[in-house]
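Engineer: With the hints as your guide, set chain U onto chain W.
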Amino acid sequence: MEPTNSSSESFDENQSLLVIREMIQLSKKKIRNDGILLIVWGYAASLPSLISYFKEILFLPNRIMFLLKFVDPVLPLLALAFTIYYILNERKKVTTYIGASLRYVWISLFGCMVLTNLILNNVTHEVNFTLQHPLFMVLTAFAILVTGVILRYKPVILGGVVFGILAYFASLLPLHDQFLLDGIGWLLALAIPGHILYFKRDK
Amino acid sequence: MFKDLDPILHSQVRLAVMSVLLSVKTAQFSYLLEATKTTRGNLSFQLNKLNEAEYIEIRKSVKGNYPLTTCNITQKGVEAYEIYINSISEYFRISKNQVE
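Protein chains in written order, with this note's numbering: chain W, 8 to 210; chain U, -2 to 97.
Here chain W stands alone, though its shape is the one from the complex (with noise of 0.2 angstroms):
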């Protein structure tokens, strides 16, 4: 953009659209770097529960069963570290609404997930892995599909809802087997999305 310091009479109309059309695909850009953070956290929720649901089925080398133990709790808690890092660095300059509607989501899902803990177990006095798995998926499904409208971003709406029906049949299911349908879900929902929203971006 040229420098310009006050005038208005050589900038016309068609400039003015121009002008706003440049800066509307600048946040467009924007929102499809992001996508940078659907795939991480699609690939950290759901690598952990396939792979629950695979060492079950595969008989794998004890050192192999070993080392899977451990990517259950640090993928989740290096996609934390990634998003620390990104939206830290890489958003540091800028604050949007759609940022801080997405961190109160998410931040909401984790409350509501010890709230639901809770209740279970004030319900029913104990620890049933079976019921709580689809009560977490439908809270998922739900902030998935939220994240979507606040990105106006189809494909993660249409997550957010197979999510849930993959959460209804998940009930239906032993818990092992539940771990399948949850790591499908995060790849269909987030995963997949964050792929296309991402590859988007130059375009």
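Derived from the structure by calculation, the hints contain no laboratory data.
Some hints could be false.
Listed next, the stretches of chain W that the computed footprint assigns to chain U, with coverage defined by at least 3 CB atoms under 8 angstroms from CB atoms of chain U [as the list claims (entries may be wrong)]:
id	stretch
1	20 to 26
2	101 to 110
3	167 to 180
List of simulated lysine-lysine pairs, DSS-like, C-alpha gap at most 25 angstroms [as the list claims (entries may be wrong)]:
id	chain 1	residue 1	chain 2	residue 2
4	W	100	U	93
5	U	60	U	22
6	U	46	U	93
7	W	207	U	34
8	W	76	W	62
9	U	46	U	73
10	U	34	U	22
11	W	161	W	62
12	U	22	W	35
13	U	93	W	37
14	U	60	U	93
15	W	207	W	36
16	U	22	U	73
17	U	34	U	46
18	W	37	W	207
19	W	100	W	35
20	U	34	W	36
21	W	76	W	161
22	U	73	U	93
23	U	73	U	57
24	W	100	U	46
25	U	60	U	73
26	W	100	W	207
27	U	60	W	100
28	U	22	W	100
29	W	62	W	100
30	W	76	W	36
31	W	35	U	60
32	U	57	W	100
33	W	76	W	37
34	U	22	U	46
35	W	36	U	22
36	U	22	W	161
37	U	22	W	37
38	W	161	W	35
39	U	34	W	35
40	W	207	W	35
Note that the structure is a prediction, hence the values are computed from the model and not measured.
C-beta: ideal position from N, C-alpha, C; glycine also.
Structural biologist: Chain U only, in chain W's frame:
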């Protein structure tokens, strides 16, 4: 150019700044500099103009050893931007009708 267009907004850099600020909560000076691709001096001058018109708020602070300038759009700024967009849209509507 039309008579009705807000002279504060009808400038390349100021319009770009307002377009950016409309979609964000706050933006730092360096972000606006990247977005508008203008010079520091020019951006500073244009921000002051918008601030004088009360279309934006400017907060100045210090982060580490460096000055930090953060801007956000005001309600008055949002309304002025809406009026500006409506005027431009009206212009294009009339122009289109004339061509047809």
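Engineer: Each hint needs a verdict: does it hold in this structure or not?
Structural biologist: Against the structure, the hints:
1. Counting residues of the stretch 20 to 26 of chain W whose beta carbon lies closer than 8 angstroms to any beta carbon of chain U gives 5, which reaches the threshold of three, so the coverage claim holds.
2. Against chain U, the stretch 101 to 110 of chain W contributes 5 residues with a C-beta closer than 8 angstroms to a partner C-beta. That satisfies the three-residue criterion, and the hint holds.
3. For the stretch 167 to 180 of chain W, the stated coverage by chain U is not satisfied: 0 residues place a CB nearer than 8 angstroms to a CB of that chain, which falls below the threshold of 3.
4. Between the alpha carbons of residue 100 of chain W and residue 93 of chain U the distance comes to roughly 40 angstroms, so the proposed pair goes past 25 angstroms and is violated.
5. The hinted pair formed by residue 60 of chain U and residue 22 of chain U meets the criterion: a straight-line CA distance of about 19 angstroms does not exceed 25 angstroms.
6. Distance restraint check for residue 46 of chain U and residue 93 of chain U: the Cα-Cα separation of roughly 33 angstroms exceeds the 25 angstroms cut-off, and the hinted pair is therefore not satisfied.
7. Taken as a hint, the residue 207 of chain W and residue 34 of chain U pair is honoured in the structure, with Cα atoms around 23 angstroms apart against an allowance of 25 angstroms.
8. The straight-line distance between the Cα atoms of residue 76 of chain W and residue 62 of chain W is roughly 10 angstroms, inside the 25 angstroms bound, and the hint therefore holds.
9. For a cut-off of 25 angstroms, the pair hint linking residue 46 of chain U to residue 73 of chain U stands: about 14 angstroms separates their Cα positions.
10. Of the supplied pair hints, the one linking residue 34 of chain U and residue 22 of chain U holds, its CA atoms being roughly 21 angstroms apart against a limit of 25 angstroms.
11. Between residue 161 of chain W and residue 62 of chain W the alpha-carbon distance is near 34 angstroms, which puts this suggested pair outside the 25 angstroms criterion.
12. For the hint pairing residue 22 of chain U with residue 35 of chain W, the CA-to-CA distance comes to about 16 angstroms; that is within 25 angstroms, so the pair holds.
13. At most 25 angstroms may separate the alpha-carbon atoms for a hinted pair to count; residue 93 of chain U and residue 37 of chain W exceed this at roughly 33 angstroms.
14. A C-alpha spacing of about 50 angstroms is found between residue 60 of chain U and residue 93 of chain U, which places the hinted pair above 25 angstroms, so the restraint is violated.
15. For the suggested pair residue 207 of chain W and residue 36 of chain W, the alpha carbons sit about 8 angstroms apart, so the restraint of at most 25 angstroms is met.
16. As the CA atoms of residue 22 of chain U and residue 73 of chain U are separated by approximately 15 angstroms, the hinted pair is consistent with the 25 angstroms bound.
17. For the given pair, residue 34 of chain U sits about 18 angstroms from residue 46 of chain U by alpha-carbon distance, which is consistent with the 25 angstroms threshold.
18. A C-alpha spacing of about 11 angstroms is found between residue 37 of chain W and residue 207 of chain W, which places the hinted pair at or below 25 angstroms, so the restraint holds.
19. For the proposed pair residue 100 of chain W and residue 35 of chain W, the alpha carbon gap of about 16 angstroms is at most 25 angstroms, so the pair holds.
20. For the proposed pair residue 34 of chain U and residue 36 of chain W, the alpha carbon gap of about 16 angstroms is at most 25 angstroms, so the pair holds.
21. Proposed proximity of residue 76 of chain W and residue 161 of chain W is contradicted: the alpha carbons are some 35 angstroms apart, above 25 angstroms.
22. Our distance criterion of 25 angstroms between C-alpha atoms is broken by residue 73 of chain U and residue 93 of chain U, whose separation comes to about 30 angstroms.
23. Simply put, residue 73 of chain U and residue 57 of chain U have alpha-carbon atoms about 21 angstroms apart, close enough for the 25 angstroms limit, and the pair holds.
24. As the CA atoms of residue 100 of chain W and residue 46 of chain U are separated by approximately 22 angstroms, the hinted pair is consistent with the 25 angstroms bound.
25. Only pairs whose Cα atoms come within 25 angstroms are accepted, and residue 60 of chain U paired with residue 73 of chain U is rejected, the gap being roughly 29 angstroms.
26. Our distance criterion of 25 angstroms between C-alpha atoms is met by residue 100 of chain W and residue 207 of chain W, whose separation comes to about 23 angstroms.
27. Of the pairs offered as hints, the one joining residue 60 of chain U and residue 100 of chain W holds, with about 12 angstroms between alpha carbons and a cut-off of 25 angstroms not exceeded.
28. Only pairs whose Cα atoms come within 25 angstroms are accepted, and residue 22 of chain U paired with residue 100 of chain W is accepted, the gap being roughly 11 angstroms.
29. Proximity of residue 62 of chain W to residue 100 of chain W is assessed by CA-CA distance (about 44 angstroms); at most 25 angstroms being required, the pair is judged violated.
30. A distance of roughly 38 angstroms separates the Cα atoms of residue 76 of chain W and residue 36 of chain W; the hinted pair therefore is violated under the 25 angstroms criterion.
31. Distance check on the hinted pair: residue 35 of chain W and residue 60 of chain U sit about 29 angstroms apart at the alpha-carbon level, beyond 25 angstroms; violated.
32. For the hint pairing residue 57 of chain U with residue 100 of chain W, the CA-to-CA distance comes to about 14 angstroms; that is within 25 angstroms, so the pair holds.
33. At roughly 36 angstroms between alpha-carbon atoms, residue 76 of chain W and residue 37 of chain W are farther apart than 25 angstroms, so this suggested pair is violated.
34. For the suggested pair residue 22 of chain U and residue 46 of chain U, the alpha carbons sit about 20 angstroms apart, so the restraint of at most 25 angstroms is met.
35. The suggested pairing of residue 36 of chain W with residue 22 of chain U holds, with an alpha-carbon distance near 17 angstroms, which does not exceed 25 angstroms.
36. For the hint pairing residue 22 of chain U with residue 161 of chain W, the CA-to-CA distance comes to about 24 angstroms; that is within 25 angstroms, so the pair holds.
37. A C-alpha spacing of about 14 angstroms is found between residue 22 of chain U and residue 37 of chain W, which places the hinted pair at or below 25 angstroms, so the restraint holds.
38. Taken as a hint, the residue 161 of chain W and residue 35 of chain W pair is honoured in the structure, with Cα atoms around 15 angstroms apart against an allowance of 25 angstroms.
39. Among the hinted pairs, residue 34 of chain U with residue 35 of chain W is consistent with the structure: their alpha-carbon atoms are about 18 angstroms apart, no more than 25 angstroms.
40. In summary, the hint linking residue 207 of chain W to residue 35 of chain W is supported, as the alpha carbons are separated by about 10 angstroms, within the 25 angstroms threshold.
Going down the numbered hints, you'll see the structure goes against 3, 4, 6, 11, 13, 14, 21, 22, 25, 29, 30, 31 and 33, while the others check out.
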